[in-house]
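K.L.:
All chains, please: the whole structure from these sequences, using the hints.
Protein chains: 2
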Amino acid sequence: MHQPDWKPNRSSQNPLHLQIYEYLKQKILNGEWTVGAKIPPQRILAQQLNVNRSTVVTALEDLAADGFISSKVGYGTFVANNTWSIISSGAAPDWKTYVESGVHESNQSIIQEINRSEFRPDIIRLGTGELSPKFLPTEKMKGIFQQNTAQELSLSYTEPKGSYSLRTAICDYLKRKGIETSPSSVLIVSGGLQALQLISLGLLQKGSVVFHESPSYVTSIHVFQSAGMNLFGVPMGEEGLKTELLPKIKRQHHAALLYTIPSFHNPTGHTMPEQRRKELLQVCSHERLPILEDDVYGDLWFEEPPPEPLKANDRQGLVLYMGSLSKTLGPGLRIGWLVGPEQVIDRLADIKMQTDYGSSTLSQFAAAHWLQSGLYDEHIFQLRKKLMFQRDTALQILEKYYRGIATWKTPAGGFYIWLKLQEAISMDKLFKRALKAGILINPGNIYDHKDSSHIRISYSYAEPAQLEKGLIRLAEIIGEMSSR
Amino acid sequence: MHQPDWKPNRSSQNPLHLQIYEYLKQKILNGEWTVGAKIPPQRILAQQLNVNRSTVVTALEDLAADGFISSKVGYGTFVANNTWSIISSGAAPDWKTYVESGVHESNQSIIQEINRSEFRPDIIRLGTGELSPKFLPTEKMKGIFQQNTAQELSLSYTEPKGSYSLRTAICDYLKRKGIETSPSSVLIVSGGLQALQLISLGLLQKGSVVFHESPSYVTSIHVFQSAGMNLFGVPMGEEGLKTELLPKIKRQHHAALLYTIPSFHNPTGHTMPEQRRKELLQVCSHERLPILEDDVYGDLWFEEPPPEPLKANDRQGLVLYMGSLSKTLGPGLRIGWLVGPEQVIDRLADIKMQTDYGSSTLSQFAAAHWLQSGLYDEHIFQLRKKLMFQRDTALQILEKYYRGIATWKTPAGGFYIWLKLQEAISMDKLFKRALKAGILINPGNIYDHKDSSHIRISYSYAEPAQLEKGLIRLAEIIGEMSSR
Numbered sequence: 483m484h485q486p487d488w489k490p491n492r493s494s495q496n497p498l499h500l501q502i503y504e505y506l507k508q509k510i511l512n513g514e515w516t517v518g519a520k521i522p523p524q525r526i527l528a529q530q531l532n533v534n535r536s537t538v539v540t541a542l543e544d545l546a547a548d549g550f551i552s553s554k555v556g557y558g559t560f561v562a563n564n565t566w567s568i569i570s571s572g573a574a575p576d577w578k579t580y581v582e583s584g585v586h587e588s589n590q591s592i593i594q595e596i597n598r599s600e601f602r603p604d605i606i607r608l609g610t611g612e613l614s615p616k617f618l619p620t621e622k623m624k625g626i627f628q629q630n631t632a633q634e635l636s637l638s639y640t641e642p643k644g645s646y647s648l649r650t651a652i653c654d655y656l657k658r659k660g661i662e663t664s665p666s667s668v669l670i671v672s673g674g675l676q677a678l679q680l681i682s683l684g685l686l687q688k689g690s691v692v693f694h695e696s697p698s699y700v701t702s703i704h705v706f707q708s709a710g711m712n713l714f715g716v717p718m719g720e721e722g723l724k725t726e727l728l729p730k731i732k733r734q735h736h737a738a739l740l741y742t743i744p745s746f747h748n749p750t751g752h753t754m755p756e757q758r759r760k761e762l763l764q765v766c767s768h769e770r771l772p773i774l775e776d777d778v779y780g781d782l783w784f785e786e787p788p789p790e791p792l793k794a795n796d797r798q799g800l801v802l803y804m805g806s807l808s809k810t811l812g813p814g815l816r817i818g819w820l821v822g823p824e825q826v827i828d829r830l831a832d833i834k835m836q837t838d839y840g841s842s843t844l845s846q847f848a849a850a851h852w853l854q855s856g857l858y859d860e861h862i863f864q865l866r867k868k869l870m871f872q873r874d875t876a877l878q879i880l881e882k883y884y885r886g887i888a889t890w891k892t893p894a895g896g897f898y899i900w901l902k903l904q905e906a907i908s909m910d911k912l913f914k915r916a917l918k919a920g921i922l923i924n925p926g927n928i929y930d931h932k933d934s935s936h937i938r939i940s941y942s943y944a945e946p947a948q949l950e951k952g953l954i955r956l957a958e959i960i961g962e963m964s965s966r
Numbered sequence: 483m484h485q486p487d488w489k490p491n492r493s494s495q496n497p498l499h500l501q502i503y504e505y506l507k508q509k510i511l512n513g514e515w516t517v518g519a520k521i522p523p524q525r526i527l528a529q530q531l532n533v534n535r536s537t538v539v540t541a542l543e544d545l546a547a548d549g550f551i552s553s554k555v556g557y558g559t560f561v562a563n564n565t566w567s568i569i570s571s572g573a574a575p576d577w578k579t580y581v582e583s584g585v586h587e588s589n590q591s592i593i594q595e596i597n598r599s600e601f602r603p604d605i606i607r608l609g610t611g612e613l614s615p616k617f618l619p620t621e622k623m624k625g626i627f628q629q630n631t632a633q634e635l636s637l638s639y640t641e642p643k644g645s646y647s648l649r650t651a652i653c654d655y656l657k658r659k660g661i662e663t664s665p666s667s668v669l670i671v672s673g674g675l676q677a678l679q680l681i682s683l684g685l686l687q688k689g690s691v692v693f694h695e696s697p698s699y700v701t702s703i704h705v706f707q708s709a710g711m712n713l714f715g716v717p718m719g720e721e722g723l724k725t726e727l728l729p730k731i732k733r734q735h736h737a738a739l740l741y742t743i744p745s746f747h748n749p750t751g752h753t754m755p756e757q758r759r760k761e762l763l764q765v766c767s768h769e770r771l772p773i774l775e776d777d778v779y780g781d782l783w784f785e786e787p788p789p790e791p792l793k794a795n796d797r798q799g800l801v802l803y804m805g806s807l808s809k810t811l812g813p814g815l816r817i818g819w820l821v822g823p824e825q826v827i828d829r830l831a832d833i834k835m836q837t838d839y840g841s842s843t844l845s846q847f848a849a850a851h852w853l854q855s856g857l858y859d860e861h862i863f864q865l866r867k868k869l870m871f872q873r874d875t876a877l878q879i880l881e882k883y884y885r886g887i888a889t890w891k892t893p894a895g896g897f898y899i900w901l902k903l904q905e906a907i908s909m910d911k912l913f914k915r916a917l918k919a920g921i922l923i924n925p926g927n928i929y930d931h932k933d934s935s936h937i938r939i940s941y942s943y944a945e946p947a948q949l950e951k952g953l954i955r956l957a958e959i960i961g962e963m964s965s966r
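Residue numbers (the working numbering), protein chains in the order written: chain L, 483 to 966; chain U, 483 to 966.
Calculated from the structure, these hints are not laboratory results.
Incorrect hints may have been included.
If several chains are the same, the list does not tell them apart, and a pair holds so long as it fits within one copy or across any two.
Below, in silico cross-link-like pairs of lysine to aspartate or glutamate (EDC-like), each with a Cα-Cα straight-line distance of 16 Å or less [unchecked claim]:
(1) K688 - E756
(2) K688 - E587
(3) K507 - E662
(4) K911 - D933
(5) K507 - E945
(6) K578 - D828
(7) K520 - D828
P.N.:
Written out as C-alpha cells, the structure reads:
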C-alpha cells in the first residue's frame, strides 16, 4: 500500500463522494489513468482514501454515468473515455501490451506484495532484510556535511569506477579483513543488487548457469534470470555448501559462476567454517569456476569475527567480492563495492556508466568520510551490541512459544533466524494469513521454490514488543494451519 | 587516463625501477592482474607513473626474468605466472572470455575514450555535456544538511517510486510548466539515462524500433540496442522533427516509441516551435505512437522560456516525460524523474527495485529541499545568466575564427552549438588529432554514424580562456585536415 496522492478533506462543505469523483476524474483527464486502464477495486480505493466503501461506490457510479468508466463483470472497472479521445480521434497507446511485453521479468508477486506492504504503517515486519531506522545514524549523517572533512564534495560526474577517495578508503578497510587490493580493482556500485546486475549483463552468456547455496537470497530476485541465465541450487550441509558435489555438477551444468554468502548467510544465518572455505577455494580453482562472494553481513558478528573472506586467500583473481553499507550504515545511501581482477572491473565500470552514469556523489562523499574518520567503526561497535540484543530477544520469544512448532539455530551474526517448521504447510497461504493479521514474513519458498517448511525471521527491524506480538500471533496461525 | 593507484616515491632510497617492480609484482600476486591478462603498454605505464620509459622497461625485464610476465611479439605483454598457480595446480578463470561474452554491449570505443579522457587534468573539454564545477552549488549543498528543513532525512529504503516528499515537490514544480500530475504517476530515477534503461527493459519487446531525431543524443549510448531494440533516425527540418513522415515510416518500421528532445535539443541546440509540438502530438496520438519526451535542458533558457512541454498538452497518457537535476544542480546527485500513466510507472518502479533498490536518500532529500525551498529557482536564475555569458563568449570566438570553416545557429538555451563544417572530414581522425592536442570534442558521428561534418561544441564547461584556446587550436586542425 503506497501513500495515496490525496485524501478527501473532511472539513470541506463539498461532500466526500463529490471530492472523490473530482479526484478520480482529474486522474483520467490528466492521462494518469489512460483509456482501457483498470482502476483499483472499490475496497482498495476505500482503504486508501480512508472512507466507507459506499462513498466510493457513489463516486464511481457518477463517473460511470458520465461515461468515464465502465465495468465488465468478472474483470473489474476500466477507464472508458476521457472526452479528449473523442475530440482528437486519436487514442492512448495500448500501454497494457507495452507493460506486458518488456524483456525484464516482473518481481514475483509475493515479492511485489512484500515491497508494497513494507510501507504500511501498521505492519509488523518480521522478515525484512533491513535495519530498524532507529539503528541508523541519521543525525550524525547530517552532521558530517557540517564539518571540514578530508574529503571534498563534488557535484560533478565521478570517474567510471567511482570516487577515487572512496575507493581508497575501501582498500584500507578491506586490508583489515585480509584483502589486499588497489583502487583500480574496486568498483563503486549502488548497493549489492546492482553489482549482481552488472555481472549478469557484463560477464555471463545467455543460458549460462549460476550456482548458489540452496536456499539462497539470490532466488528471491530476478536479476540473473532476467538477463537470460539459469540458477542452480547446490545443497548445504552442516558446514555450508557441499563442495564435494561441485566438480560433478559443474560439468553437468556448464556453470559459469558460483554465488555464495559465506558469513551470516541469507536466509539461513549460517557461517561457513574456515576449513570449508579453503576447500571451496581449492575446488573452484581446480574447476576454474569463478566465485562471487557476497559479504554484505560480514561486519555484523556478535561474539567473534567470522573467518577471513574467501577473497583474502584468493591469489589468482578467482573471487569477485562484494560488500555494502546497506546492512550497516543504511540502505538509503545505496553504496556498495565490487572487488575483482582489473579487467573485470574495467568492463563492469563501462556498463555502469551506460546504466546510470555512476552513484550519487553525496553518498560517496558520506561513505568515504564514515570509513576514513573512524566513525564507521564506532557505529559498528554499537550496532553489534544492539543487534545481539535483538537476536537474544527473538531467541527468548522463540524458546517460549515455538518449542514443538519449529526448530532453529543461533546465528553468530547478521539479521536472520531460519525457522524450520515441524510440519510442512502452504507457504503462500501462511504468507497471506499472516499479512491479513498485520504481520509481514518472508516465507521459505522465495529462497527455494520447493520449500514449504521454513520462515526467515529477521530480528533487525521490529521493536522487541512488536517482535513478541508478531511471533506469538504467527505461532497461532501456524498452529491453526497445521491442525487442519 | 584514470588516477593511478600508486606513484613511486622519489625521495626513497629504493631505486624507482625496484619500486615499480614491487608494485607490479604485488598486483600480480593479489590477483588484480590475473594469469593471461594483458598488461598496459610501457608507454602508458611510464605516463601513469610519471617516470622515464627506460625505468619501466627495467622493471618489466626483472619481472620477465622472474617468470611473472612474458611478451608475444605483436600482441603485447601478459601475466605468465603468479607462483600460486604452480603450487595450487589450479588456474584463474578465463576472464577474457567472460568479459567478451556478456550480453551488454560495450560503449563505443570513442565514448569510452571520452569517458576516460574527461578525467585528464590537462584536457580542454569542448564537447562535454556537463556544467563546469564552478557553476555547481557545492557549498550551498552542504549547507542544506545543517538546517532544520521541512524534509526528514531517512537512511532506509524508500518506496519503489521514490521518496514521497520529492515526488510531491516534483509535481509542484511541473505544474509551473503546465504539467498536471500526482505523486503516484512519478518515478524517481538515478538520472535520465536510467529512465531510458528502465523503459528499454520494462516496456519494449526485443526487435522493436525506437524513433528519434536524426542526429540524436540517444545514438551515442547503447541503452536501447543492448536491450535488443533498434534505433531509427527521423530527419529534422528547420522546425525540428519532420512529423509529416511519421505515419508512413511508423507502419514500415513497427515503431514502438518516439524519443524526442523538443527543447534545446542534444546535439543540435534546436528548439521545436509550438505549432510543430502540436502537430507531433496529433500525429502520434493518431498513430498511437507513444512519445518519450526528454526535457532535461528545459529550464536552461536565455531570453524566454521554450514552448510548453509536449506533456503539458497530453490528455491521453501518450507522453512519458523525463526531467533531471543533472544539467542544473549537478550530475553527481543522480536524480531525475519520469512521469507517465500510472500503470507504466508501476511497472518501471518494480524494475527499478530489481535494479538498484531505489536512488540515494541523501540525494532525494537534497533534491526535495532545493525544489521546495525556492533555492532551486534562485540557482537557476543565476545559472541562466552565467550560461548565456558562456554561450555569447563561444559565439564571439566562433565569429572570429570559424567564418569560412563552419556555420552554426544561436541556441536559445541549453549547452550546445552544432557546428557544421564546410567540408566533410574524417570524424575519427579529427577526434584523435584534437585529443593529441589536448582538446576533447564530441564529433558528429557519435550522434549519427554517417555524419562527417558536424561537431557538438559545448559552452557549459570550459572557462572562456580555455574555450578560446581550444577553439583556435581546433580550427587549425580542421584547416590542416581540410586542405589535404
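K.L.:
It remains to establish, for every hint, whether it holds in the given structure.
P.N.:
To see whether the hints hold, each was checked on the structure:
1. K688 - E756: Answer is neither: 34 Å inside a copy and 46 Å across each miss the 16 Å cutoff.
2. K688 - E587: both (15 Å within a copy, 13 Å between copies)
3. K507 - E662: So K507 and E662 pass the 16 Å test across copies only (13 Å; inside, 61 Å).
4. K911 - D933: within (13 Å within a copy, 61 Å between copies)
5. K507 - E945: Close neither inside one copy (42 Å) nor across copies (51 Å); limit 16 Å.
6. K578 - D828: Close across copies (12 Å), not inside one copy (39 Å); limit 16 Å.
7. K520 - D828: Between copies only: 13 Å across, 45 Å inside.
In summary, the structure is inconsistent with hints 1 and 5 from the numbered list given earlier, while agreeing with the others.
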